[in-house]
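**Student:** Listed below, chain by chain, are the residues.
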Amino acid sequence: MLQTKLTTLQSKQELTDLISKNEKVAVCCGRMGPMCIPVYGIFEVYEEKYPDIKFRNMDFDTPDADIIKKLPECRGFNGLPFTVYYRNGKVVKTTTSIQSAKQIKDIIEEVLS
Amino acid sequence: MDNKQFDLIIIGAGPAGLAAAIYTSRASLSTLVIDESMAGGQVKTTHQVANYPGFVDPIPGHELASNMRKQAERFETKFELAAEITDIQLVGPEKVVTIDNVSYTAKNIIIATGSSPRLLNVPGEVEYKGSGVSYCATCDGEFYKDKDVTVIGGGNSAMEESLLLLQLVKSLTVIHQFDELQAEKITANKVVNNAKTRILWSHEPREFIKDKDKMITLAENLKTKEIIRLGSDGIFIFAGMVPNTGLVKNTPLNLSEQCYIFTNENMETNLDGVYAAGDVRVKKYRQITTAIGDGTIAALNIIQKG
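Respectively, the protein sequence lines represent chains A and W.
Quick note on numbering: the first sequence equals residues 1214 to 1326 in my numbering.
Quick note on numbering: the second sequence equals residues 1449 to 1754 in my numbering.
Dumping the calculated SDA-like pairs for lysine to any residue here, alpha-carbon to alpha-carbon at most 20 Å:
#: 1; chain 1: W; residue 1: Lys1593; chain 2: A; residue 2: Gly1246
#: 2; chain 1: A; residue 1: Lys1218; chain 2: W; residue 2: Leu1529
#: 3; chain 1: A; residue 1: Lys1306; chain 2: W; residue 2: Lys1577
I should point out that these hints are in silico values taken from the structure, not numbers from a laboratory.
With these hints in hand, go ahead and build the complete structure from the sequences.
**Tutor:** As C-alpha cells, this is what we get:
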C-alpha cells in the first residue's frame, strides 16, 4: 500500500481532466518499493518548491494505471516507478526506475520550467 | 546570498545522521540535516528490517526511517531534503554548506552521507536502467515472471535478491568474478541448490546490449580471457557499495584508498569540528545499529565540547 502525501489519481478520467486543466503535471506511478520510495519523497518536497506543477501519484496496480503503462513513451519500461511529465496535455518526458533529486530537478528545468 | 546559522550541520539523513540529530536537538543545539534525497538513507529502501533491536517483528525499512525522522523533528531538528549542495567549506572555525543561493554555517559538521550501490560502469548499464537493467528484485522482479534473468554479483545482496527472483523466473544465471560466493552460506546454498540456477564462475560483465526484447551480456572469463555472449530477458546488478564522498573529495579530509573517511573513536576526522559517522567512514561492520552508534558518539562529543 502506498504511503505518500501526494494526491492519488483514482481514475483515467481524473488524469485526463488534470492534464487538460493544468499546464504542468508530473505523475509518479509505482508502489511502496525501494526504488519508488525516494522518487515519491522527492516529488513531495518538489510539490512545495514548484507550486506551478501538479505532482500526483497513481497506484501502479490499479487497472486505470494502464493510461500510464500503455503510453508509447513507456514501452519497454521494466523498472518501477514510471514517471510521466505532461505539459499542455502532452507527454514531454518519461522515466523508469529510481531517479535522484538532481535528475528530477534537471528534468523539471528541461521540460517544465 | 542568504546566510543561516546553526550549531550543527549534519550532511546525510540516514540512521547515523538522524541518531546524531536526535541527540543534539534534544540537547538544545540547533541542528540542520541536509540530504540530497529523502530521510532514511539505505534503510528507507530496505524491504524489511529484522535485526534492529526493539522490534519483535520485522519492520518495513521506510517505516523505521520515517519514525527516526519524526523523532528528530519532535526535538526541532530542521531538514533540507532533496537538496543539491553546490559548495562546502570544511576548514576554519565556521563550516559552510551552500545549497542553491543559501549558505548554512555551523561550528561543527557531521558527514553521514553513507554509501550507494556500486555501478559496474560498463557500456549499456546506465542506458538500459529500467528497461532491461535493474537494481531491485523486489521492485522489478515481476516484470520477469517465467523469464530468464542474469544476476551480477555473489555477495549477500545478490543472493538475497536472487532468492526473491527464483520464486518468479524461469531461470537465473549468476555471473560472479570469483570461484566462490561471498554471501553467507545459508543464503548462498539456497540459490546454488535451486534447479533454476546456473553460475558462471570467474566471469565479469564487459558490456550490456539490447537485442529487440532480449538483453545480451558480454562477459569475460577472467581465466581464459574468452568473451562469452549470454542472452536473457533482464539483468539484475548487485555489485557492492561505494562511499558517498564525492562532495568532500576536493577538501583536505583524510580519505582511504577506497574513499571512505578516516576517523578516530570519537568520530573526529583530521579537520577540527568535522566528524564522520556511519557507512561513509572507514570501519569493519556497516549496519543500521553501528551507524546509529557512530552518530550517537559524534553527537555526544559535540554536545560535550559545548
